[in-house]
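Peer 1: As they're listed, the protein sequences go chains A and B.
Numbering-wise, our numbering puts 294 at position 218 of the first sequence, and it's gapless, one number per residue.
Numbering-wise, our numbering puts 360 at position 131 of the second sequence, and it's gapless, one number per residue.
Everything labelled a hint here was simulated from the structure, so no lab data went into it.
Please note that the accuracy of each hint is not assured.
To be verified - If you only want the chain A side, here are some residues facing chain B, beta carbon under 8 Å, derived:
id, residue
1, 143
2, 166
3, 167
4, 170
5, 209
Said to hold, decoys possible - If you want the footprint, here are the derived chain A segments under chain B, 3+ residues with CB under 8 Å:
id, segment
6, 129-138
7, 221-230
8, 296-306
Said to hold, decoys possible - Here are some of the chain A residues that sit facing chain B, going by a computed Cβ distance under 8 Å:
id, residue
9, 112
10, 115
11, 145
12, 241
13, 242
14, 273
15, 274
Don't be surprised by glycine CBs; every beta carbon is placed ideally from N, CA and C.
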Amino acid sequence: MATTSITIDETPRVRSFLALADDALILGHRTSEWTGHAPTLEEELALANIALDLIGQARALYQATGYAEDELAYLRDPPQFRNALLAELPNGDFAFTIARLFLVSVASDLLWRGAMGSDDPDLAAIAAKAEKETAYHVRHTAEWLIRLGDGTGESHRRAQDAIETLWAYTGEVTAGIDRAAWLRVVSPILVRATLTQPADGWMQSGGRDGRHTEHLGHLLAEMQILPRSYPGAVW
Amino acid sequence: MYSQALNTKDTAAADSSPQADRFQARIDAEERIEPNDWMPDAYRRTLIRQISQHAHSEIVGMLPEGNWITRAPSLRRKAALLAKVQDEGGHGLYLYSAAETLGVSREELTDQLLSGRAKYSSIFNYPTLSWADIGTIGWLVDGAAIMNQIPLCRCSFGPYARAMIRVCREESFHQRQGYEIMLTLCRGTAEQKAMAQDALNRWWWPCLMMFGPPDTESAHSDTSMRWKIKRFTNDALRQKFVDATVPQGHFLGLTFPDPDLRFDEAAGHWRFGTIDWDEFRRVLAGNGPCNRERLSARQKAHADGAWVREAALAHAAKHRKAA
Ligand SMILES: [Fe+2]
Ligand SMILES: [Fe+2]
Ligand SMILES: [Fe+2]
Numbered sequence: 077m078a079t080t081s082i083t084i085d086e087t088p089r090v091r092s093f094l095a096l097a098d099d100a101l102i103l104g105h106r107t108s109e110w111t112g113h114a115p116t117l118e119e120e121l122a123l124a125n126i127a128l129d130l131i132g133q134a135r136a137l138y139q140a141t142g143y144a145e146d147e148l149a150y151l152r153d154p155p156q157f158r159n160a161l162l163a164e165l166p167n168g169d170f171a172f173t174i175a176r177l178f179l180v181s182v183a184s185d186l187l188w189r190g191a192m193g194s195d196d197p198d199l200a201a202i203a204a205k206a207e208k209e210t211a212y213h214v215r216h217t218a219e220w221l222i223r224l225g226d227g228t229g230e231s232h233r234r235a236q237d238a239i240e241t242l243w244a245y246t247g248e249v250t251a252g253i254d255r256a257a258w259l260r261v262v263s264p265i266l267v268r269a270t271l272t273q274p275a276d277g278w279m280q281s282g283g284r285d286g287r288h289t290e291h292l293g294h295l296l297a298e299m300q301i302l303p304r305s306y307p308g309a310v311w
Numbered sequence: 230m231y232s233q234a235l236n237t238k239d240t241a242a243a244d245s246s247p248q249a250d251r252f253q254a255r256i257d258a259e260e261r262i263e264p265n266d267w268m269p270d271a272y273r274r275t276l277i278r279q280i281s282q283h284a285h286s287e288i289v290g291m292l293p294e295g296n297w298i299t300r301a302p303s304l305r306r307k308a309a310l311l312a313k314v315q316d317e318g319g320h321g322l323y324l325y326s327a328a329e330t331l332g333v334s335r336e337e338l339t340d341q342l343l344s345g346r347a348k349y350s351s352i353f354n355y356p357t358l359s360w361a362d363i364g365t366i367g368w369l370v371d372g373a374a375i376m377n378q379i380p381l382c383r384c385s386f387g388p389y390a391r392a393m394i395r396v397c398r399e400e401s402f403h404q405r406q407g408y409e410i411m412l413t414l415c416r417g418t419a420e421q422k423a424m425a426q427d428a429l430n431r432w433w434w435p436c437l438m439m440f441g442p443p444d445t446e447s448a449h450s451d452t453s454m455r456w457k458i459k460r461f462t463n464d465a466l467r468q469k470f471v472d473a474t475v476p477q478g479h480f481l482g483l484t485f486p487d488p489d490l491r492f493d494e495a496a497g498h499w500r501f502g503t504i505d506w507d508e509f510r511r512v513l514a515g516n517g518p519c520n521r522e523r524l525s526a527r528q529k530a531h532a533d534g535a536w537v538r539e540a541a542l543a544h545a546a547k548h549r550k551a552a
């Protein structure tokens, strides 16, 4: 890493890998922010597991682009990131964190299942491993969403708030898959959680084209500080 | 990450009942004491205190290292650090479970930590100021933890000994990983090497304090020795650590912040200068650089998580009724 920025030839393949990888990295990074602050010790370990899976998926995908993983993660500016906006939103409370992970994981799981049969051998191999991990993320977060939705008045209110705020960001997440298939998994869990499913209305988007929320710049400023401050250093 | 020899005196009078004699005979025969076996109250209290202090240390120890997860300088380092901090949480969980076999609940122990009544290792009240601190903590703090904990793998109390076997395996992995971070920094740019030196300067003396007060001040470890909870004195472990660590530091090309450090050829030991025990007592008493921050971070996590734990209980209760 002798430079402080990189230019990428975004072929359609590279671009689709970056979208998947950036989703995983940014969401993994957000999830890792919980470390040391989770509501129970067991959940501390579970959230770290999920973050580790996501960061591992991001690394495998970056590596498959032919660019150095650390250059992609640490030397791109916000407009070069291709993640969905949903991934970069701040963690909020535990209900928001769980609801987001759930909504994204359901989409990812469908996507990985489709990609397992891909002609691209890198993608097929990554998908096979990622699907197993993601199926666990879906299970874990669905169980929590049900507990929170069907728990106390406060937890129900927080979970409902989270779903309503997040809903407008789900369009971008389901753009590459069949939204009806996504809803077939999401809706029954919301029912079990006694949560009201918001109507599909205006959807936020822009992340895939590098038009992000205000939050990504802060996240990257923190994440990238060392490689940016010491160009060329090896860590 | 580690159990500190805090040596709070247990004032229980020596028990000389036939039961106590049989118990001591079992200990002397290197038998393992299991949770349902008879044991003197003071033995139970000592273990609860030591194991829970150790568990609290693992949990509070997640905070200083957690401080660098979002700023780890490569994806490989980010994943390794996150996994390491997760391991420490796992150690905490494992140790709380070992303490629970002695008849206390995790809630009680957590309450002792959050109310400031329980102690945890003084080392975690120091700040992590640069990435080199992450290397230094792995190398020195996990290194010191291993020195303390290897003998605990033969502790007379079965659940603690068994927990330590697994924990030590992971701590030694952490130690190697930390040293490898230091090696990379010391072979890197001048700025990186300066970062490594600065971290060693700040952490060296607090790490020596991790072994607890000098033997001249800690007569209470006699009972722990007799019960085979403790097998080496604080000073013996400290010397072992210094002997193992100083050559590692020199191999990195670093210097130690101790003008009195010299090799004693005759004895085969590295002799070191005087430890500032006032600092040690001050930090233990709550006046270290980060005591308040660490405790309030734990209190905040607990308070913020209250509604989540209540929701889980409420849901489980509904579910039980329905079933
Ligand atoms: Fe540990
Ligand atoms: Fe430990
Ligand atoms: Fe450790």
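Peer 1: Which of the stated hints cannot be reconciled with the structure, identified by number in ascending sequence?
Peer 2: 1, 2, 3, 5, 12, 13, 14, 15
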